[in-house]
Amino acid sequence: MNRPFALALFASIFGVTSCAPSRFVEPLEKDELTVGFSLGGPVIEFNGPIPMPMTSVEVGYGLDTNLTVFGAIHTTAAYFGNIQLDAGVTYKFLDQNKFIPNVSISPSINFMYTLDDRSGKLWPILDLNAYWNYGNRTNYWYAGVNNYFELSKTMANDQPQAHHWIFNPQIGHVIKGKNDRWQLTTEFKFLAPYIKNWDAFVPYKSLTGGYGATGFYIGCRWKIGNQDN
Amino acid sequence: MKKIILYTALLAFAIACKKGNLDSLAFYGEKLDAYEFENYAAGNEAVPDEYAVTAANRTLVSMQSIDEKTGESYTIYGVYIGDVSTIATDTVILYAHGQAAHLDAYWPRATLLASITEQYNYGVFMMDYRGFGMSEGASSESGLIEDVNASIDWLIDQGAAAERTMYYGFSLGCIPIIDRAANRADFQPAKVIIEAPLASVANLTQRSLILNVNPKSITNLEFENAEKIKDVYMPLLWLHGIDDDYIAIQNGELIYENYGGVYKDAERVVGGHHGDIPATMGYENYITRLRNFIEL
Chain F
0 MNRPFALALF
10 ASIFGVTSCA
20 PSRFVEPLEK
30 DELTVGFSLG
40 GPVIEFNGPI
50 PMPMTSVEVG
60 YGLDTNLTVF
70 GAIHTTAAYF
80 GNIQLDAGVT
90 YKFLDQNKFI
100 PNVSISPSIN
110 FMYTLDDRSG
120 KLWPILDLNA
130 YWNYGNRTNY
140 WYAGVNNYFE
150 LSKTMANDQP
160 QAHHWIFNPQ
170 IGHVIKGKND
180 RWQLTTEFKF
190 LAPYIKNWDA
200 FVPYKSLTGG
210 YGATGFYIGC
220 RWKIGNQDN
Chain A
0 MKKIILYTAL
10 LAFAIACKKG
20 NLDSLAFYGE
30 KLDAYEFENY
40 AAGNEAVPDE
50 YAVTAANRTL
60 VSMQSIDEKT
70 GESYTIYGVY
80 IGDVSTIATD
90 TVILYAHGQA
100 AHLDAYWPRA
110 TLLASITEQY
120 NYGVFMMDYR
130 GFGMSEGASS
140 ESGLIEDVNA
150 SIDWLIDQGA
160 AAERTMYYGF
170 SLGCIPIIDR
180 AANRADFQPA
190 KVIIEAPLAS
200 VANLTQRSLI
210 LNVNPKSITN
220 LEFENAEKIK
230 DVYMPLLWLH
240 GIDDDYIAIQ
250 NGELIYENYG
260 GVYKDAERVV
270 GGHHGDIPAT
280 MGYENYITRL
290 RNFIEL
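Chains as they are written, first to last, in numbering that gives the first Met the number 0: chain F, 0 to 228; chain A, 0 to 295.
Careful, some of the hints might be misleading.
As the list claims (entries may be wrong) - On the chain F side, residues computed to face chain A include the following (Cβ under 8 Å): (1) E28; (2) G176; (3) N178.
Claimed, not checked - Some chain F residues judged to face chain A by a derived CB distance under 10 Å, without partners named: (4) A76; (5) G80; (6) M111; (7) L114; (8) N132; (9) N135; (10) T137; (11) N138; (12) A155; (13) A161; (14) I165; (15) W181; (16) T185; (17) I194; (18) T207.
These are calculated hints, taken from the structure and not from any lab test. Please read all numbers here as calculations on a predicted model, not as lab measurements. For glycine and all other residues, C-beta sits at the position ideal for the given N, C-alpha and C.
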């Protein structure tokens with residue numbers, strides 16, 4: 000069965016929870032300023048499995064060596080007349096020591112304002128990631144969880160909200176360029192891998208079979224400013 | 000830093016100015032120059048020859064469907080299976096098809112409906128919405144309702160009696176069927192049959208996305224079947240495949256639960272998917288199920 004509406008629906012608004020990888024797993028250095036973009040999304044069945052090409056543009060700034068503030072605008076949502084932003088901070092509270100990884104936490108919000116409807120909605124997010132730097136360029140692997148919180152008590156047609164906490168495990172890798180002028184991120188996100196998907200309107204393709212969806216993302220960021228430069 | 004923020008905001012604003020939406024994608028009609036009906040190669044949708052309807056027993060009909068906002072008129076097409084001259088005394092099923100293609104694709108289903116008793120004792124009327132088959136124009140949510148309205152008008156013009164008229168909607172077709180059953184006071188059908196209905200666009204999106212996302216962020220469509228069914232009072236039969244992976248059965252359950260009338264009946268089809276209910280139930284079982292409901 001052809002599902003153009005379902006696919007487009009998926010492409011445009013699933014982005015709320017899944018249009019970007021973790022923004023900053025490792026904080027920037029103090030006073031570092033970066034810009035970047037991300038591309039990718041959940042994998043769907045469309046004549047074969049493909050990740051949806053969701054896009055966002057991000058900015059990050061190192062407030063301190065272990066604290067980065069960031070924000071992003073979701074360009075796909077903008078095409079549909081919505082202002083969708085996410086913003087938050089990443090704080091590293093544990094340093095790597097032999098087998099103990101660095102650990103960072105990223106509380107943030109995702110805000111979506113629909114211009115036609117003049118209504119806005121906000122979702123709190125909490126990411127917790129462990130990451131391991133390696134090599135001269137301190138590239139790193141990371142593994143963690145992305146948590147979305149739905150605050151509404153009800154959903155469509157006055158039904159009780161089915162899920163208030165959406166739990167999305169993720170793994171990723173970041174390659175750094177020479178002198179750390181750029182970073183390239185690759186991430187797999189296992190979106191709600193405990194919620195059945197086989198009868199969802201959108202044709203999810205998931206590594207966890209009939210549950211959840213699998214997101215695949217790439218991102219790139221460039222360092223464009225630092226007080227030291 | 001200020002420049003970056005400014006440029007990013009300008010970029011987003013520029014993109015937002017050229018706003019897109021998905022409304023047209025909900026209507027997957029295919030244009031045709033001519034219908035094939037009994038000669039159409041239905042593939043997997045084909046039904047056994049014993050249900051075949053010959054060209055002599057069908058009539059191609061054209062109607063004018065009016066856009067109530069603009070006043071523009073569109074010629075839409077329908078097909079009546081049975082004897083037009085006896086509509087006034089026949090039991091008639093008004094069938095509103097799903098989102099795929101055109102009338103030809105639903106011809107096999109119409110022949111099954113025409114076989115509910117002995118063939119042609121029941122008239123079956125189905126139409127192509129704007130943008131489907133030979134019908135002019137482009138589909139919209141209001142257009143679906145206006146097109147079914149035009150079909151009801153045609154039936155009235157032929158003398159059809161409301162008390163012997165059944166409305167039957169499949170999938171997308173449930174939207175205008177439920178709306179007309181709820182809101183058209185001058186022609187209240189005897190009974191309503193809905194197969195694989197969606198509850199609402201909001202329900203589809205939020206059930207799929209888990210979060211309570213405003214569907215208005217990408218579409219103006221509402222398809223509020225779950226609300227409108229509260230104003231449907233004639234007897235209701237709902238059929239839905241338990242294994243429907245396109246419009247999950249939860250949609251139908253919600254509509255069934257919200258139904259505002261007194262008599263309702265449900266057929267949750269084990270192993271049924273979207274569009275294969277007759278084949279899954281067995282054609283005779285399907286026909287018998289409908290007959291039993293209609294003849295209640």
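_Restraint outcome when G176(F) is required to lie within 8 Å of chain A by C-beta distance_ = It is violated, given that the least Cβ distance between G176(F) and chain A is near 20 Å, above 8 Å.
*Do the numbers back the hint for E28(F), that is, is its least Cβ distance to chain A under 8 Å?*
violated (16 Å)
_Less than 10 Å between beta-carbons is the criterion; does W181(F) satisfy it with respect to chain A?_
The hint is violated - W181(F) has no Cβ within 10 Å of chain A, the shortest such distance being about 16 Å.
*Minimum Cβ distance from I194(F) to chain A below 10 Å?*
holds (6 Å)
*Hint validity - T185(F) Cβ closer than 10 Å to any chain A Cβ*: violated (24 Å)
*Does A161(F) meet its interface restraint, that is, does its C-beta lie within less than 10 Å of any C-beta in chain A?*
Holds. Min distance 7 Å.
_Min Cβ distance, I165(F) to chain A: is it shorter than 10 Å?_
Constraint on I165(F) satisfied, holds at 6 Å.
*Could you check if N132(F) really has its C-beta closer than 10 Å to a C-beta on chain A?*
Constraint on N132(F) not satisfied, violated at 27 Å.
*Would the hint on G80(F) stand, with a C-beta cut-off of 10 Å toward chain A?*
With a minimum Cβ separation of about 4 Å from chain A (threshold 10 Å), the hint on G80(F) holds.
*Hint status (Cβ of A155(F) to nearest Cβ of chain A, threshold 10 Å)*: Hint holds; A155(F) Cβ to chain A Cβ min 4 Å, cut 10 Å.
*Agreement of hint N138(F) with chain A interface, Cβ distance less than 10 Å*: Violated - the Cβ of N138(F) stays beyond 10 Å from chain A, reaching only about 26 Å at its closest.
*Return the status of the interface hint for N178(F): holds when the least beta-carbon distance to chain A is below 8 Å, violated otherwise.*
violated (21 Å)
Going through the hint list in order, the structure does not satisfy hints 1, 2, 3, 8, 9, 10, 11, 15, 16, 18.
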